[in-house]
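Undergrad: All chains should be built: construct the whole structure from the sequences, respecting the hints.
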Amino acid sequence: MRNAEVAGVLYNISELLEIKGENTFKIRAYAKAARAIEGTTEDIEKIALEKRLKDIPGVGESIAMKIGEYLATGRLQYYEELKKQVPEELHELLQIPGVGPKTLQYLNKELGIKSVEELERAAKEHRLRRLVHFGETKEENILKAIERYRQRSTRIPLGIALPLVKEIVEALKKSGFIEKIEPAGSLRRRKETVGDIDILATSNDAHAAIEAFVHLPVVKDVIGKGSTKATIVTREAIQVDLRIMESKSFGTSLQYFTGSKEHNIKLRDLARQKGFKLSEYDLEEISTGRKVYCESDDGVYRKLGLLPIPPEIREDAGEIEAAISGKLPQLVEYKDIKGDFHVHTDWSEGSNTLVEMATAAQKLGYEYIAVTDHSKALGVAHGLSEERMLAQIEEIHKLNDTLSDFHVFTGVEVDIKADASLDFPDSILKQCDVVVAALHTGQKQARREITGRLITAMENENVDIIAHPTGRIIGEREAYDVDIDAMLDAAAGTGTVLEINAYPNRLDLSDVNSRKAKSRGVKIAIGTDAHNTGHLGLMEFGVDVARRGWLEKEDVMNTRSAKEVRFKD
DNA sequence: GCCGTTTTCGGCCCGACTGTTTTCAGTCG
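The working numbering numbers the first residue of the first sequence as 3 and each following residue consecutively.
Check each hint, because a few of them may be wrong.
Under the rule of at most 25 Å between Cα atoms (straight-line distance), these lysine-lysine pairs were calculated in the DSS-like manner [as the list claims (entries may be wrong)]:
(1) K250 <-> K276
(2) K53 <-> K28
(3) K329 <-> K555
(4) K116 <-> K86
(5) K279 <-> K293
(6) K293 <-> K276
(7) K279 <-> K305
(8) K56 <-> K518
(9) K337 <-> K168
(10) K176 <-> K227
(11) K268 <-> K28
(12) K525 <-> K570
With beta-carbon atoms standing in for the labels, derived distance ranges [as the list claims (entries may be wrong)]:
(13) K53 <-> T230: 48 to 56 Å
(14) R450 <-> R132: 57 to 65 Å
(15) V382 <-> E63: 55 to 63 Å
(16) K111 <-> G62: 47 to 55 Å
To be clear, the hints were calculated from the coordinates, so they are not data collected in a lab.
The structure presented is a predicted model; accordingly, all values stated were derived computationally and were not measured.
The beta-carbon is built from N, C-alpha and C at its ideal position, and this holds for glycine as well.
TA: Take a look at the structure:
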């Protein structure tokens, strides 16, 4: 599939046009087409071949021609010429807050500025303040913005942001000045990483609520404080905004501040088509000026004649169309989860015993876990020898005899070695209920080798699940070079289940890849990769990814009861 | 550049903020 590749070209064109200062709507048209293609599960080459490109919403005569040219020749004349016209370095300047395309063009024309360094020098030499439409303040602000840009914090993993927000929300509730409170933004959409955190609330005393917020123990700095909004920075250098809204506007506000931006643009467009103007304050009927207020953000969707769209899929990736046609997925929920398929014990690198892990899982209301300690090749993790593996199986059988209403599946996280062979012979694997295979070594190998190793593993009838299928670690390590489409096809062909590893710095498969897997009929198992009893609680993060990937109950193995759990026959 | 139960031309999401302006353009979220 070359969908991502084609979308990438269109995104680049959109950005180049932006730097050139072209018509905003033309810029948006390219970005819109790119998004539509990115979100299409059908192969773009197939669509092009069947001359159906213009059926894609946002793709018209001109863009269809360009896609055709690019797919056929691997090049696009228009794109090449654009790249020649726009110096590469200019791009970075758009990252400076306050510098947009117009300013960029102007500075380039007047002062020949092409890079952040040149802009900084011009500001320090006070050459900016002499320009028309510029002044002392703007010049100083640009210097500050460059400073901020250089120290910009990377996005925060959801695993860190979520507990922090819970702490803040609880503390604010205790203050007594808060009525309704809800975190919004990418955190509410459960994106794997979040930028700044936005919290919305209603209050009987906005002033007191703001004061309570800026004096919370987590606060390190107060950046801004007004009558209805305050911005703080926490000890962990995370920026948090609190906005106090009027109660009657809470639904529209929550809808607006939850985003995504792209989702909001399309929703407002749809509202307009239906004769309404949607803002964060209200839904206004254009012909009469009558204002409609919504208690909840679900209410906003209902008033527009849509089914409520869960926050996790508000990305303008087909969810609005699905809501219109009544075909929204019934997303899997945490309460559907009956067990965990990736659990370690102190037999390998875990810190709790078999019994402790089983008891903790039972307390969570689960019916089962699969114990999947490492195999011997992973020396650093005290991988099990074949003898110890058999001994563990024996012990689990004994444990099961003592348990009621709970089952421990025997299992292993078997290493896929650099030569594509598995770390245990079939004779051992056969004795495990659940075989999870994973690639831990040789991650630098070429795409062909890596993909081949994974496919070979999946072709083994004893291998049930591929753990953390791309190997990425958020903020630390890129995914290994695997051909995702080939892997998904092999999973579909062999009936191998792919994991969503719920560990917050893995979340692998990702949301996008999970959705791709679903479109090919590949089943998913969520595994926490727990190394202690506390880690079992990470399941929620895996469910978040599944929901963002549009997965429904039947797509997820963990929703099956212990008796219904079946992998390859 | 796209698109059409108001339109094949004239729209295209909305509102706040900022700094530079005396009425608004650019940028942001």
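Undergrad: If a hint holds in the structure, say so; if it doesn't, say that too.
TA: Hint-by-hint comparison with the structure:
| no. | hint | result |
| --- | --- | --- |
| 1 | K250 <-> K276 | 22 Å, holds |
| 2 | K53 <-> K28 | 23 Å, holds |
| 3 | K329 <-> K555 | 15 Å, holds |
| 4 | K116 <-> K86 | 15 Å, holds |
| 5 | K279 <-> K293 | 9 Å, holds |
| 6 | K293 <-> K276 | 14 Å, holds |
| 7 | K279 <-> K305 | 12 Å, holds |
| 8 | K56 <-> K518 | 23 Å, holds |
| 9 | K337 <-> K168 | 20 Å, holds |
| 10 | K176 <-> K227 | 21 Å, holds |
| 11 | K268 <-> K28 | 16 Å, holds |
| 12 | K525 <-> K570 | 11 Å, holds |
| 13 | K53 <-> T230: 48 to 56 Å | 54 Å, holds |
| 14 | R450 <-> R132: 57 to 65 Å | 58 Å, holds |
| 15 | V382 <-> E63: 55 to 63 Å | 58 Å, holds |
| 16 | K111 <-> G62: 47 to 55 Å | 32 Å, violated |
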